[in-house]
Amino acid sequence: MSAPLQAEPAGIGATMHGWVRDLFPIRRSLSGPGVRQTLDYLAELMPGLDIHEIASGTEALDWTVPDEWTLRAAHVETETGARVIDLDDHGLHVLGYSEPVDAWMDLETLQEHLYSLPDQPEAIPYVTSYYKRRWGFCLSQRQRDALRPGRYRAVIDADLKPGVLNYADLVLPGESDREILISTYICHPMMANNELSGPAVATALARWLADRPRRFTYRFVFVPETIGAIIYLSRHMDEMKARTHAGFVLTCLGDDRAWSFMPSRRGGTVADRAARHVLERFAPGYTAYSFLERGSDERQYCSPRVDLPVVSIMRSKYATYPEYHTSLDDLDLVTPTGLEGGLAMMQAAIRALEANRTYRATLPGEPQLGKRGLYPTLSTRESGIQVRVMMNILAYADGQMDLLEMAELIGADIFHCAEIAERLCAHGLLEIVPAPERG
Amino acid sequence: MSAPLQAEPAGIGATMHGWVRDLFPIRRSLSGPGVRQTLDYLAELMPGLDIHEIASGTEALDWTVPDEWTLRAAHVETETGARVIDLDDHGLHVLGYSEPVDAWMDLETLQEHLYSLPDQPEAIPYVTSYYKRRWGFCLSQRQRDALRPGRYRAVIDADLKPGVLNYADLVLPGESDREILISTYICHPMMANNELSGPAVATALARWLADRPRRFTYRFVFVPETIGAIIYLSRHMDEMKARTHAGFVLTCLGDDRAWSFMPSRRGGTVADRAARHVLERFAPGYTAYSFLERGSDERQYCSPRVDLPVVSIMRSKYATYPEYHTSLDDLDLVTPTGLEGGLAMMQAAIRALEANRTYRATLPGEPQLGKRGLYPTLSTRESGIQVRVMMNILAYADGQMDLLEMAELIGADIFHCAEIAERLCAHGLLEIVPAPERG
Amino acid sequence: MSAPLQAEPAGIGATMHGWVRDLFPIRRSLSGPGVRQTLDYLAELMPGLDIHEIASGTEALDWTVPDEWTLRAAHVETETGARVIDLDDHGLHVLGYSEPVDAWMDLETLQEHLYSLPDQPEAIPYVTSYYKRRWGFCLSQRQRDALRPGRYRAVIDADLKPGVLNYADLVLPGESDREILISTYICHPMMANNELSGPAVATALARWLADRPRRFTYRFVFVPETIGAIIYLSRHMDEMKARTHAGFVLTCLGDDRAWSFMPSRRGGTVADRAARHVLERFAPGYTAYSFLERGSDERQYCSPRVDLPVVSIMRSKYATYPEYHTSLDDLDLVTPTGLEGGLAMMQAAIRALEANRTYRATLPGEPQLGKRGLYPTLSTRESGIQVRVMMNILAYADGQMDLLEMAELIGADIFHCAEIAERLCAHGLLEIVPAPERG
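Chains as they are written, first to last, in the working numbering: chain A, 525 to 963; chain B, 525 to 963; chain C, 525 to 963.
Just chain A, same shape as in the assembly (with noise of 0.2 Å):
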C-alpha cells in the first residue's frame, strides 16, 4: 500500500547535486570567510536564514569560541621553485586551523609536517589542529612518495587571530510552538557526502516546508560540527529542552551505497520510531548503528543534561565508508539520486511526524460503515485491504496508542493509515487525543 518513496519537487535531486557543485570549492573551517561564503550562498536558497557572528574568546557551555582562521594560500616549493604541493590544486593539501609559516628545511623536518594515508595512497586525508597549534601539508602517500631529499620552503600564507566564529538559523513557524529540529553542520572543506549532503538536504527541506501548512514548528540550525552546536546550545538550550519534540541532524545523505540510522541515546522517542517506521518501509535493509557508534552533534543534543530526541537517517555513515575525510569523499561519491533518497527519507520522516496523532473512537462496538458511504463502492483487492485497515484501525484507536505505534502494529504505512483515520475523523468515527506531547 506504499506509495513508492519520492523526493518533492520533482527534480530536487539534480538542483541539489548543483548547490553541491557550487559549494565544494569554498574552503570551510570552524570559521573564517569560507563559512560566511557558504551560509550567504545557503541564505539565497533560504530566505529568511539568520546568519549570526559570535566573537573569539566568548564562553559557550564548557568550551570557548577559538579564534578565527582565515587562508590565503599555501604551498610547498624546492629551491628550483617547483612547487610540489599547492593548496590551488586541492583544498585539503592544508592542516586545518594550521598556523602561517614561511620557512626553509630539509625533507626529513618537512616529513614532521606532512599527513598521508598508506593505504590509500591516491587519497589526500582531511585533518586538522582546532585546539593545539601546529603547521601541516597533507598529501596523497604517492605524492609524498616522490619527494626527494632536498631544502624545500613550506609556505602557509594564514591569520589566527580574535575574529568571529559564523552560524545560522531559520525558524519556519507551525501551528503548534512544538518543534523539529534540523541541524547540519559546514565547517569541513571538499568533501561531498561528510558535509555538503546535509546543508542540501536541510536547504532542499526548508525550501519544501516554507511552502507547506506545517503542524510542527521547524528550527535549521547550520553550524560547524561540535563547537557551533555548542555555542547554539549556549544560547537557545532551554528553548529547545521545552519545545524540541524530534530532531534530525542532517549528515552523510547523499550517496547511493546504503542506508543508516543512529539512534537518539536512550532510543524510543518519537524521533527514533518515525524514522525506523520510513526506513522499515522503504529501506527495509537499512543499518541500525548503536548509539556507542555516534559521532556527529547528536553527541551535544544528546548528552544528559540536554537530552534532546535526536537521531540520524544516513545514507553511508560517517567513518564506515573508505572515502570518509580524505579527497575521495567528492562530487562522484555524492549522487544527484543518492541527495534525492536522502531528501525522500527525511522528507518521509517529516511527514510521519506531521502525521503521528492519538485517536480514540468515539462508539462502543463496530461503527456501521455502510451507511456512512465508507465502503468502497467497487470491491477490489485493494478496496478490501482500505477497508480492512480502517476496521483494525477503529479496532486499535484507544486513545493511548499513536498512530506510529499503530501503523507498526496494522503492518501498514502511517501515511495511509493517516489518510484513513482522517476520514474517520470527518465522520465523526474518530476524535483526536490531545496526547501529553512525547519527545
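Simulated from the structure, these hints should not be mistaken for laboratory data. Predicted model only: the values in this text are computed from it and were never measured. Take the hints with a grain of salt, since some may be wrong.
For identical chains, the list gives no copy identity; a pair is met inside one copy or between any two copies.
[Unchecked claim] With a straight-line cut-off of 30 Å between C-alpha atoms, the simulated DSBU-like cross-links for lysine-lysine are: (1) K765 / K656; (2) K685 / K656; (3) K895 / K656; (4) K895 / K765; (5) K685 / K895; (6) K765 / K685.
For this one, chain A is given, so just place chains B and C on it according to the hints.
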C-alpha cells in the same frame, strides 16, 4: 503431573452431537422463526434461559435492528416444472435475507442471482445480504454447470418486514459478582463447526456450571453474530464493563483437526493467560492467531470503547478451513470427540480461572512440613514432584504473583498448584490475597 | 581492558586449601562438638568472630532447635571381632543424627540400616536423618557387597539429647549501614566442595575486607544449613530486611571444573547484576541456573516474607556433579586454584558492588577534556579505548543508570568504568547521585 484433558460429564460428546443434529436443519438467520425455534430448543436444555425480542427499527449503538426475515419456501423450476434448486434439499440454497420473488426469466438473468464456488464444485456456499435488498440462490458449481439455456421460474416465498430480532441470555450467579462472559451465535443455517459447535458447547458448559459451586458469576449470551452482540451491548454494556473478569466467544469448537486461539485486543488479560495456559498444557501445538485475524464477536466486545477481556479457544478457526461457510461444514466435519475436546478445553480454562487466586506465605523462611504431615508418607517419584511443587509454591507466594503466573513459572499446571495451595492454606501456611481484580 | 581474574592476597589459594585440610577430618553435623571445633578454628583466623549457642527446644520461626548430637565412636563388627565398618576409617560412615545402638543382629536386619550407592560402588554416601530418629551406617557398595551372612554387632556410641546448637557471625562496619550478607554453612562432615570451600572463601573474604576501606557494612554468617539460617533469621530478620543491599550464600566454590550462578527469587537485584557482570566478564561460559534449582540457604533468605537479594556464585553447583554428597567430594576435588578462583570471583563481585554508584554529568554538552588534561598525552590503542569509555560514561551519566547498567551498555567492565568515573568526579564533570538504594 497433568491429568489428561477430559470433558464432564462422561459421554457429553455424543450428547452434544445429538443437539447439533437436532438443530442442524433449522433455518436460522439474523432473525425469524428459525432463531426462535433454536432458542426454544436450548431453553429446554437450560432452565432459566431468558429469550428476548427487540423490535425492528430499534436503535442499538450505531446500528438499527433490521427487519425480520421469514423464509417459507423457495425453488427454481424449469418450464416443465422440474425443480432444479429447492430449499427443501438444502437450507443454504437461498441467499440469506433474500427479498421475495416469483418471476420467470431466462438463464442469463437467473445467473445474476446465483452464487457458487468454482474451486469447490460440490459445495453450496453460504451467502447473505443483510443490509442491501437482493434475492438469490446458492448452489454447487456442479449444479450450476448443469443448467441449460431456457426459461426458469424463481420463487422465494419470504417476508422481509418489521418484526423482531431474538436473543437469549442466562446468568448463573456465583460467590462474586465478577463475571465470566460466554457468548456464542445462533444465526447460521445448516453449518456445524462455524455455528452449532458454539451453542452446543455453551449449553454443555451452562449445564455443567449450574451444578457446581461457582466463585464467579457466569453470563451466557446467545445472539445473532455482530448485530446481536451490538444489541446485547446496547442493553448491558455498563454492567459488563464493570463486572467482566474474563470472556470467551465460543465458535468453531467442533472438529478434530486443530486447536486455535484468538487473543484479546491488547492480549495479556487473565482470559488470555488462562486460555493459553490450558492450551499449552493440553494442546501444545495449538495455533495462536493475532487479533488482526479476528472475525467474530470479539470485534464488538474488544472494541476500544467496550474493551472487555474476551478471547476465543477454537478447534479449526473460521476462515482457515476449506469447508468454512459452505455446505461442507456439516455433521461429519463436527464430531462427538471434536465437540468433547472443545468442551473439555473450555472447562479447563474455566477451572483455571476459578482456581486462579493470589497467595501469600504466612511465615518467613521455609515452614516445617514434616510436623504438619505435609510430607508424603510414601516416597515415590510422584510424591517427590509433589513436594517440589509445594516448596516452589511456598517460595513464590509473595502476594503479587497470581497462581497462573506461578504455575507457568514453576512449569506445573494450575490445577495441581491449586490443590497444593489449598492444602497449604488449610494448614495456615498460605493466605489468599484479595488481589485487585484484573480483567 | 579487563585485568585477569586475580585473588588477593597472592598465594591465598594454598592457604585456603590448608584450612580445608585442617577442617576436613572434624565430625561436623547440625550441632555438637564438631561444629564448635570448626568455629573455634575459624575464630582464630577471624578475630572478632562471635560464636553463639542456642538451646535445644528453642523456637525459631516455624522450627524448633533440635537436640544436640555427640558422636564418639561407631563400628560394625563380626562375631570374630573383625570391624567391617569403622567410623575411624571415614567420617561419613555413620548416618547423621543416628541414635545410639549396641546390638547383635543378622545381616538381613543390618541391611535395613545400611546406605550405599549401587551406581557409584566406591563412594560412601552422605545421609542424615535429622527429624526422624533412626540409626544407620553409610558405606561403599563394594564394602557392602563383601558382607557375608552371619551375626553382626552394630555399635554407635552417641548422645542425642538437649544441648545447644552453635553458629557464628562477624560484622565489619562500613561507611554506610547498608549491608552485604555473606552466609555459609558448617554442618557437613568430611566434604570439601559442598562444605568447606564455603567457609574457606568466606574466611578469606573477611580477612581481605577487614583491611580495606569499606563503603558497605559486611555481615558474615556461619551456620548449619537450613536450621541455622532459620535461627539466624529469627534473631536478625528485621535489621537484615532493613539493611541488606546484596547477599551471597557461599557454597561449592572449590573445584576447577565449572562456574555457576544461582539467582535470587525474582532476579534482577543488584546482587544478581553484580554477580552476572563479573561472571560474564571473567567466566563467560558460566551456567546460569534457575531459582527452581535452588538448594542452599537462599531457600530461607529469599523466601517471600524475608525476601533478601541473595544469590550464589559457585564453581560446580551442588546436586550437579557426581561426587556431590559422597566421600568423593574430597581434598583432591577441591584444589588451591579452584578455591582461589572462587575467592577471586567473589572479590570481583564485591568490588563491583562497592564501585556501583549512580553518576550524573554536571555540564550540558560534551565537556572539553583537553583543558583538564583528561586526554592521554601519549596516544595508543589503549588510550584510545580509554577516551572512548570516558566519552561514553559522560554520554550516559544521566543520574538514573547505575554504573553496572552503564558498564553493561558500554561493554566495558565496571572496574575500568569506576576508575574513569572517579577521575571525572575529581574534575567536577560528574557528580554522584544519592540513588535510592536498591536491594
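Hints versus structure:
1. K765 / K656: Result: close neither inside a copy nor across copies, 33 Å intra and 56 Å inter.
2. K685 / K656: Within one copy only: 14 Å inside, 84 Å across.
3. K895 / K656: For K895 and K656, the Cα distance is within 30 Å only across copies (11 Å; inside one copy 75 Å).
4. K895 / K765: Between. Shortest inter-copy distance 28 Å satisfies the 30 Å Cα cut-off; intra-copy 47 Å does not.
5. K685 / K895: between (76 Å within a copy, 19 Å between copies)
6. K765 / K685: Answer is neither: 34 Å inside a copy and 65 Å across each miss the 30 Å cutoff.
Violated hints, in rising order: 1 and 6; the structure is consistent with all others.
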